[in-house]
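Chemist: For the record, in the sequence shown the residue sitting at position 14 is 14 according to our numbering, with numbers rising by one throughout.
Derived from the structure by calculation, the hints contain no laboratory data. There is no bait here: all hints are sound.
Taking lysine-lysine pairs in the BS3-like style, the calculated list, with each CA pair at most 27 Å apart, reads:
#1 35 with 45
#2 35 with 111
#3 88 with 45
#4 35 with 88
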Amino acid sequence: MASTNPSATSTTIPTTTPSTVVISPTNIIQHLPIKLDSYNYLLWKSQFLPLLHAYDPYGYVDGFFLCPPQFLSFDPPIENPAYTLWPKQDQIILSWIYASYIAGILDYLYKVSGIIDNLAASASPFSEQDIILGVIRGLGPEYDTFATSITARLDPMSLDDFTGL
1 MASTNPSATS TTIPTTTPST VVISPTNIIQ HLPIKLDSYN YLLWKSQFLP
51 LLHAYDPYGY VDGFFLCPPQ FLSFDPPIEN PAYTLWPKQD QIILSWIYAS
101 YIAGILDYLY KVSGIIDNLA ASASPFSEQD IILGVIRGLG PEYDTFATSI
151 TARLDPMSLD DFTGL
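Assemble the whole structure, with the sequences as input and the hints as a guide.
Modeler: In structure tokens:
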């Protein structure tokens, strides 16, 4: 008579792996002519959701695809490849959203950087604090909270720290 050892049995967890077609986060900008700000969410959403549908990661955003288990089996432990893909896909989608929002500010800062370079070439005496205040004054009302947090600081911020925000 054969005996069974319960600790020697293997437990397998069924998983479904969503099909993913990943595009580069830098590609997303060319498909999003409207950058997200505090006034145009519905318009931005109307152009962003079709991209999520077209490239298949929409299920990650709406919760249809659940995070897969870390292991396919426990005895022996076999890591689930879909589990290692999950955070990568999550970060790509996050970078798409971030890229669609931050591009407007980066364009503005690049323009400011050009002005700063021209002022430096003309030997114009502007301090870093003058430049930071000028940048803040040029921001729209959607950045009022950010502007207040910068101008209310007790210790002055360097221009490098400011542009790194």
